[in-house]
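Got chain C; can you put chain L on it based on the hints?
There are 2 protein chains.
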Amino acid sequence: MNKNIINLLEHKAYKLRYLSIISTTQAGSGHVTSCLSAADIVAALFFYAMSFDPQDSHNTNNDRFILSKGHAAPLLYAAWQQVGVLSQDDILTLRQFDSVLEGHPTPRFNKIEAATGSLGQGLSVGVGIAMSAKLDQHDFYTYVLIGDSESSEGQIWEAAQIASYYKLDNLVAILDVNRLGQTGETMQGWDVQNYQAKFKAFGWDTIIINGHDMCEIVNALDQVRKLSGKPIVIIAKTIKGYGVAMAENKNGFHGRAFTKEELPEVLQELHDKFSQAAEYKENEDLSPFDTILQKQNHSGRTERDKSVRVLRPAQDVRDFNNPNPNGFGENHKNKFTLPTPSYKQDEKIATRKVYGQALVELDDVCDNLLSLDAEVKNSTFAQILETKDAKKFIQCFIAEQNMISMAVGLTSRGKITFSSTFACFLSRAFDSLRMAAISRSPLRVCGSHAGVSIGQDGPSQMGLEDIAMFRVLPNSIILYPSDAVSTYKCVELMANYNDGISYLRTTRSDTPIIYKNSEDFKIGGCKVLYTNPQDKACIIAAGITLHEALKAYEELKKEGIKVAIIDLYCVKPIDVKTILETVGKYKKIITVEDHYLEGGLGQAVAFELRNANIQVECLAVTKLPRSGTMQELLAFEDIDARAIIRAVKKIIC
Amino acid sequence: MNKNIINLLEHKAYKLRYLSIISTTQAGSGHVTSCLSAADIVAALFFYAMSFDPQDSHNTNNDRFILSKGHAAPLLYAAWQQVGVLSQDDILTLRQFDSVLEGHPTPRFNKIEAATGSLGQGLSVGVGIAMSAKLDQHDFYTYVLIGDSESSEGQIWEAAQIASYYKLDNLVAILDVNRLGQTGETMQGWDVQNYQAKFKAFGWDTIIINGHDMCEIVNALDQVRKLSGKPIVIIAKTIKGYGVAMAENKNGFHGRAFTKEELPEVLQELHDKFSQAAEYKENEDLSPFDTILQKQNHSGRTERDKSVRVLRPAQDVRDFNNPNPNGFGENHKNKFTLPTPSYKQDEKIATRKVYGQALVELDDVCDNLLSLDAEVKNSTFAQILETKDAKKFIQCFIAEQNMISMAVGLTSRGKITFSSTFACFLSRAFDSLRMAAISRSPLRVCGSHAGVSIGQDGPSQMGLEDIAMFRVLPNSIILYPSDAVSTYKCVELMANYNDGISYLRTTRSDTPIIYKNSEDFKIGGCKVLYTNPQDKACIIAAGITLHEALKAYEELKKEGIKVAIIDLYCVKPIDVKTILETVGKYKKIITVEDHYLEGGLGQAVAFELRNANIQVECLAVTKLPRSGTMQELLAFEDIDARAIIRAVKKIIC
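These protein sequence lines map, in sequence, to chains C and L.
Counting in my numbering, the final residue of the first sequence is number 653, and the numbers go up one at a time with none missing.
Counting in my numbering, the final residue of the second sequence is number 653, and the numbers go up one at a time with none missing.
Only chain C is shown next, with the shape it has when bound in the complex (with noise of 0.2 Å):
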């Protein structure tokens, strides 16, 4: 072991130390021993291990690093502080409202590969971008830190099933086992044989350490390269706390920075306990990296080193004044075409099946297309692309978190996923969409079997606050098609936005055409499919009460009824305008879905069309369903085209 670079590495993780407890005290808050356990991991992760230029973010040959255990986001900072690209006086504006380095970290700060903070997310994240690098045939690694605590997540034991099924050997995961959570020991406390018997049984290679010692680490770090074919995770027992004795180990001090008043003794304790690692001095002309480099290329590196910039100081690419705002979707500047499709007007298709047609299609202009299923592929139709093009279909198991987050980690190394499951079991993925969410990762989600309409399965297979749930993400879009044109246009107006979340619902039973192949859709648009002077209210529906609408207008049209028939296939955001032109003289609308009444898309135009004076009554499902048949329930729940009909006829009274 060369001594310099552990004097390095040493006075790295000092000042990661100071860094974090300085900034926190600044703050008056932040989670300061969660950095004091991990600082040595992290100075050796990025002054010795980790290859990446700092001044190019977007290299595709950067080596990444996710800070799962989100809440030591100032030792984050502090790492890229010194690594050149934040001054001492930006790490001091840690939490303050202008500044991009927030109480956890979010990519606003355009270091950052993903927001996080929920815990347990990161591994997913990683395994996303691990796998990225697999597709690219990159051979860069990626490292995640992850707390003790947050590996009681089951998430993170989804990720870990799934690294070691797809044999991420380029995935490292170091667990910071310091035996403390928020309020208490952790089940596990400090029994790293534990840990490691969990990992091993779940595939991956283990290296047991002590996280303080620089030696130990930087073997480990060593000994990763020599690994190939599992993933790896490096366990390393640290003290929560460590460098600070009145912290140490104990509880009380997990949100809890050193106030001003202890401040002095506490950076003087740091200075007395590490003085060695304090009182060295950077050499800026016999740079260290250098060493460093030649240490690594001897420690099983590739050619891929070369070309990366090797980390080295690097003040003159200080971004801190340029924040990321769109967060990942600045790498996706899409536009994709797809072909006329040719469906035949009298043909009868599920929405969920053209989903699967219109991937293929779209694989065709999208060289980065990726499919992600969760083990129900021939039910939401992902299969077709899979059948077409194998490589381009990820299976992800019964395990929705932890495909959405990995649909994180692809998107941001440029992968347009595509990620597919029943829209009910979208449910189980809701943090993970709100962290996407925050990322502003343009993830494209496809939700199928929406509704009652799916039948004899019963409640626990139907997806009734999707739409909700949905609507509720920031710069989110749902696209909710009736018939084949309409989905296979959605997706591609999928492909194209890049702005955060696309939602697509989709239907289990085959339903009729309705548009022809040439008809033009866009997001935040609306069809009206009839409209006539003597209208005397207006239907909005979408998916498959459309269809029950259009029987409705049938039957009225017999009786004399004349009704206007909006398709709101895009239901976030709301074509107001379309919907008040219509309605203008008459001035009643219904709405019809099959969804629950609470966040769904009546309640959505209801809100939109609040002080239009228009009457609007909403038809949802309001009682707890049931198995039966399709009709059955939508009669059940007066969605059906009776109930609609009924609806009609009392609103024009």
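These are computed hints drawn from the structure, not numbers from a lab.
Careful, some of the hints might be misleading.
Since copy identity is lost for identical chains, a pair holds within one copy or between any two.
List time: in silico DSS-like cross-link candidates among lysine-lysine, alpha-carbon distance up to 30 Å [claimed, not checked]: (1) K522 x K623; (2) K588 x K536; (3) K649 x K587; (4) K250 x K260; (5) K167 x K250; (6) K353 x K260; (7) K516 x K558; (8) K250 x K388; (9) K577 x K587; (10) K650 x K585; (11) K623 x K577; (12) K391 x K250; (13) K623 x K650; (14) K250 x K353; (15) K623 x K335.
Using the frame of chain C, we list chain L on its own:
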């Protein structure tokens, strides 16, 4: 091994297969091959291992069974038919609208402990039930049948680790390793040693068996009784579709029933394969159950078994026609009255803290109270109850899905559970909450740290979608108090609400007392804090924004502008009548909330008033928030007093 018992059990397994096949063929759909793999296991559970009184589901000594792989519902119904609770005609109503035998089990059939069908949740429910037995010193066993494919859900491992942590040796999982998921091989296939290593690492005792060898199954179930200190998993290697060659171990048969054309041949094959079992004659006079009871007494059974009328044919107790519409609710007919609180009118105290204080008071009058928390008890203040009475507190660590599903299990056994964590992290449990609603489980849930008002921790820690999420759950109520008194009274309301999930939203920062200690609150109520004939508009707020509204009120008053103020402490259901009475003259409302616009309080109000010709403007969180002080963030999102004043001035123009 008593050969008579084996013969009987093999006969029962044959009957279960037979009934699963004919019921799914009759229904035209259903997961028959998933039934066939587990038929031997379920036969041994229902007719050998489990003691229960089929006439009395509420018998506290009954062993409990959870079918986590809910798609094998026909097998479960077949078992209840063989117990005598259902007739063969009943079985043939599978999946019909008027039948309680749904495609996946729900408590509409009153032998079902919890709705299943969203995979990966059953073990957590079982953990809750097993924990209730430990708490109440009942010595019944809880058996959970898990599918191999669903073990990829992280929640399974959340449940596994907590079962081990709490030493639930009364919990027995049976893993049906039939190799095939819906569309292909699982990640582990038939590698039963892999599952064994995982469960061992997670702290379980493990037994590997051939799941189609009745002797091995029975021996394993006996062995369970001799183990203690750890939960036990029986890992059963099985064949999907076992008994019908055309479907055995083949892809493409997951959700497919045999057709009526295939049926004769399928049944003939089944009969031929299991001819001895098929032709076994049950002797009802010399009940084989007596033999079993004897056997059971020899294999570690306790006195308890004698108090349970051990399983026997029970044709007389068929209650198919007495469905259970209220699910678990029927177990709970609470009337808890808390003492009047004694908050001082000049006190400032956070509503989250009052939550903890109210639980302490509730504990004095509620024997069955349990507080569950996801390792943030010092933030949610669940710890106040723990400090008073540690037995009433269950640390669930950072695993929100498991916490909620576990609460379903505990609640099914009569516990009054209050589960708490940060509001934002409850989004992780959305699917568990969704299934709890289908179970009609009266869960009480508290989400703390609502909204941007939490400040510096940043968006990952802000609950901004929780109102939308809880609104969409059937039969839910949402309480969002703004001061100590109303919070205290809301906890009392929750304790007495048994018709579904009740949700309490609490705020991080200290807020002034608004109400007298004697004030009354009710579900579906609101409070008109100010109203005046000169009012020009009404501000509706709740929680932190109510205090901003009160500031705005004072400022506006100085300028001579009078407004009404409504505290909408109950967000679901909404007190429409009081709102209408208040704004009747001027018909102008401004809602203001610390929650995303979509699906929040404002849209709920706007929906209810959509046809009342009232102008409604909604102030809510519309920009992706960030770290900052509370006041900076309230201002940034235009939901502070100044924004309210601007909105009032605009609306009254």
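Structure-based check of each hint:
no. : hint        : in the structure
1   : K522 x K623 : between (33 Å within a copy, 24 Å between copies)
2   : K588 x K536 : both (7 Å within a copy, 28 Å between copies)
3   : K649 x K587 : both (15 Å within a copy, 28 Å between copies)
4   : K250 x K260 : within (20 Å within a copy, 68 Å between copies)
5   : K167 x K250 : between (38 Å within a copy, 26 Å between copies)
6   : K353 x K260 : between (62 Å within a copy, 27 Å between copies)
7   : K516 x K558 : within (26 Å within a copy, 62 Å between copies)
8   : K250 x K388 : between (57 Å within a copy, 22 Å between copies)
9   : K577 x K587 : both (13 Å within a copy, 25 Å between copies)
10  : K650 x K585 : both (18 Å within a copy, 28 Å between copies)
11  : K623 x K577 : between (32 Å within a copy, 23 Å between copies)
12  : K391 x K250 : between (50 Å within a copy, 24 Å between copies)
13  : K623 x K650 : within (21 Å within a copy, 40 Å between copies)
14  : K250 x K353 : between (56 Å within a copy, 23 Å between copies)
15  : K623 x K335 : between (43 Å within a copy, 27 Å between copies)
When the structure is compared with the earlier hints, no violation turns up for any of them.
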